[in-house]
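Protein chains: 2
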Amino acid sequence: MTRKESPPMEAFKKYRISPKNTLKDIDPSDKPFSFGTKKDELQRLDELAVELDDLQNTLYAGKRRKVLLILQGLDTSGKDGTIRWVFSRTSPLGVHVAAFKAPSERERAHDFLWRCHAVVPANGELTVWNRSHYEDVLVPPVEGWIDKAETQRRYGHINDFERLLSETGTTIVKCMLHISNEEQRERLQDRLKDPGKNWKFAADDLSTRAKWNDYQRAYEQALQATSTPHAPWYVIPANSKRHRNLMVAQLLVQTLRDMKLRLPPPNLAFKDLVVN
Amino acid sequence: MTRKESPPMEAFKKYRISPKNTLKDIDPSDKPFSFGTKKDELQRLDELAVELDDLQNTLYAGKRRKVLLILQGLDTSGKDGTIRWVFSRTSPLGVHVAAFKAPSERERAHDFLWRCHAVVPANGELTVWNRSHYEDVLVPPVEGWIDKAETQRRYGHINDFERLLSETGTTIVKCMLHISNEEQRERLQDRLKDPGKNWKFAADDLSTRAKWNDYQRAYEQALQATSTPHAPWYVIPANSKRHRNLMVAQLLVQTLRDMKLRLPPPNLAFKDLVVN
Chain A
1 MTRKESPPME
11 AFKKYRISPK
21 NTLKDIDPSD
31 KPFSFGTKKD
41 ELQRLDELAV
51 ELDDLQNTLY
61 AGKRRKVLLI
71 LQGLDTSGKD
81 GTIRWVFSRT
91 SPLGVHVAAF
101 KAPSERERAH
111 DFLWRCHAVV
121 PANGELTVWN
131 RSHYEDVLVP
141 PVEGWIDKAE
151 TQRRYGHIND
161 FERLLSETGT
171 TIVKCMLHIS
181 NEEQRERLQD
191 RLKDPGKNWK
201 FAADDLSTRA
211 KWNDYQRAYE
221 QALQATSTPH
231 APWYVIPANS
241 KRHRNLMVAQ
251 LLVQTLRDMK
261 LRLPPPNLAF
271 KDLVVN
Chain B
1 MTRKESPPME
11 AFKKYRISPK
21 NTLKDIDPSD
31 KPFSFGTKKD
41 ELQRLDELAV
51 ELDDLQNTLY
61 AGKRRKVLLI
71 LQGLDTSGKD
81 GTIRWVFSRT
91 SPLGVHVAAF
101 KAPSERERAH
111 DFLWRCHAVV
121 PANGELTVWN
131 RSHYEDVLVP
141 PVEGWIDKAE
151 TQRRYGHIND
161 FERLLSETGT
171 TIVKCMLHIS
181 NEEQRERLQD
191 RLKDPGKNWK
201 FAADDLSTRA
211 KWNDYQRAYE
221 QALQATSTPH
231 APWYVIPANS
241 KRHRNLMVAQ
251 LLVQTLRDMK
261 LRLPPPNLAF
271 KDLVVN
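Chains as they are written, first to last, in full-length UniProt numbering: chain A, 1 to 276; chain B, 1 to 276.
Isolated chain A, as found in the complex (with noise of 0.2 Å):
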C-alpha cells in the first residue's frame, strides 16, 4: 500500500458488527491500518486530515447532502482526542461537535430522540456527535431503568430515525472507541495523576467501570441490533491512540470519497458579468 492510498471500504468488513461479527470478536489492541514507522503514520494521518478539509469543502459548496459521525465509547476511550485528531486541519465552518452530557430537565420530558434531532447536520454539514442517542440504551438498562422491552423498543425507534436521517441525504458513520479494562485502569490513573488532565476526571468514572462486563454486554447487545445497512456499526480498536485515530480518519474519508461530491457547476448566468 503506498502512501496516497487508502485501503478500500472492504478492509474495514472485519471491524464492521454484523450478525457474525460482534464486538467479542474484535480486540481493543489490533493495528489494522498500522504500516510503517510511527513517523510515516503521523504523516498519513496529516494527509487524511488535509483531504478531510478538502471533501468537507465541496460537501459545504454543494449544500445538498450531509454527514453525521457518531463516536461511542466508554470513559477514556479517546472521544475527544480523535476529534482533535482527525479534525486538525478542517475549519470550524463547516465542522460542528455536538456533545450529549446526562440529560437535562427538559430534555428527559421530551423523547430520547428529540435533543438529537435537534442537532443533526443540515445541507452541506459535517457534524460530529461526542455520544449520542446510543448513550440511551446503555445507561439506563445497565442502571436497571428501564426493562428489556423498553430497550428493544429504543433500538427499534433508532433504526427508524436512522432511516430517518440516511433517506434524506444524511450519510451516517459509526463508530465505538473499543478499549481494554487494563488500558482504562492505566488511564484513569493517569488523569489522577496529571495535573493538566486532573479536570477531566469525575468520581463517576469510577462507579461506571465497576459495572464494566454490564457495559460491555450492552455495547455488544445495543451495536448488534442498531448495524444497519443504512447506518453500520464499526469497532475502531482504541489502545493505540494513532492507529485509533487512523483508523477513524481512514473510515471517513473513504465514506466521503465515495459520496463522489463535486463543486456545483458554474452558474452560465454569470459567465460574462462584469463587475463594476
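Since the hints were made in silico from the structure, they are not lab data. A few of these clues could be false.
[To be verified] Residues from chain A that face chain B, not an exhaustive set, calculated with beta carbons under 10 Å:
| id | residue |
| --- | --- |
| 1 | F87 |
| 2 | G94 |
| 3 | V95 |
| 4 | F201 |
| 5 | P266 |
[Said to hold, decoys possible] Straight-line distance between alpha carbons at most 25 Å, and here's what the computed DSS-like set of lysine-lysine pairs gives:
| id | chain 1 | residue 1 | chain 2 | residue 2 |
| --- | --- | --- | --- | --- |
| 6 | A | K14 | A | K241 |
| 7 | A | K271 | B | K193 |
| 8 | B | K63 | A | K101 |
Glycine residues also receive a C-beta, built at the ideal position from the N, C-alpha and C atoms.
Once you've looked at the hints, dock chain B against the given chain A.
Frame of chain A; chain B shown alone:
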C-alpha cells in the same frame, strides 16, 4: 518587537471605534501589525493559532467563562477566510461557529435578538458569529424597512443584550472586516472567473454593492452607537488577507491572555486514589 511577543491592547487603540474614531478614519489597506517577510508573518500567524488552541483548552477546562467573537463585514470582506486561518489549530470540540443568514419565517416571528441569544457561548465555550444581530441594524435601514427611530431603539437593545452577556461572564470581541470598494470589485470579479469560487457568487451581491455608500454610512453609525466599554468594536483593515488574519488572531489571543485563565486546581480528594 520579537517573534514571540504580541502587541499590547494599546496597539489596537487606533482601530477601536470611539466617539473620536470612526470607520471613515480607518484605511482598509493599512497593515498595522506587519513585520518582516511574508514567511515571518505566516509563521507568527501559525504560532498565534497554536497559542489560541492552548488558551481555548484552558477556557474549556475551566467551564466558567465564555468568549464570543463577532465578525461583520460586507460580501467578500473575508469572514470565512478569517475563521479558517485564525482557527487553523484549534479543535472543533470547543470552538463553535454560528452563521446568520437572512432570517427564516419563524425567526422573523420573534424579536431580532431571539435567534442570537439561542446560540451564545456556554461556560467554557468560544463561539464565533459569522455575521450577527448587527445585520438587523444594517440591512433594514439601508433597504428602508425600518426608520431612524427604530434603528436607534435597536442600537439600545443591542447594547443592553451585550451588557447582559458581559456581566454574566462572556468576553465579547467585535471585528468589522473593512475592505475598499475597489478591493470588493476585484474579489467579486474573481469569484465569477474562478470555477472553484463560482458557487460563492450570488446575484444579490451586486445589488448590495450598488448601495455601497449607504452601507458604509449604516456601518459607521452602527459601530459608533454600539462600541461600548464592555463590547468595543475594532475595525480590521482587510484589503490584505494575511494582515487581516494576523490582526484578528493577535486581538483574540491578547484578549484571552488578558482573561488570565487557569486550569482548575487538582481535586485533593482524588490525591491518593488508586484505580483498580
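Now for the hints, and whether the structure bears them out:
1. Because the closest C-beta pair between A/F87 and chain B is about 5 Å apart, less than 10 Å, the hint holds.
2. The closest approach between the C-beta of A/G94 and any C-beta of chain B is roughly 8 Å, which is under the 10 Å cut-off, so the hint is satisfied.
3. Residue-level restraint check for A/V95 holds (minimum Cβ-Cβ distance to chain B is 5 Å; threshold 10 Å).
4. Hint status for A/F201: holds, given a least beta-carbon distance of 6 Å to chain B, under 10 Å.
5. Using the Cβ-Cβ criterion of 10 Å, the hint placing A/P266 at the interface with chain B is satisfied: the shortest such distance is roughly 4 Å.
6. Distance check on the hinted pair: A/K14 and A/K241 sit about 19 Å apart at the alpha-carbon level, within 25 Å; holds.
7. Taken as a hint, the A/K271 and B/K193 pair is honoured in the structure, with Cα atoms around 8 Å apart against an allowance of 25 Å.
8. A C-alpha spacing of about 14 Å is found between B/K63 and A/K101, which places the hinted pair at or below 25 Å, so the restraint holds.
When the structure is compared with the earlier hints, no violation turns up for any of them.
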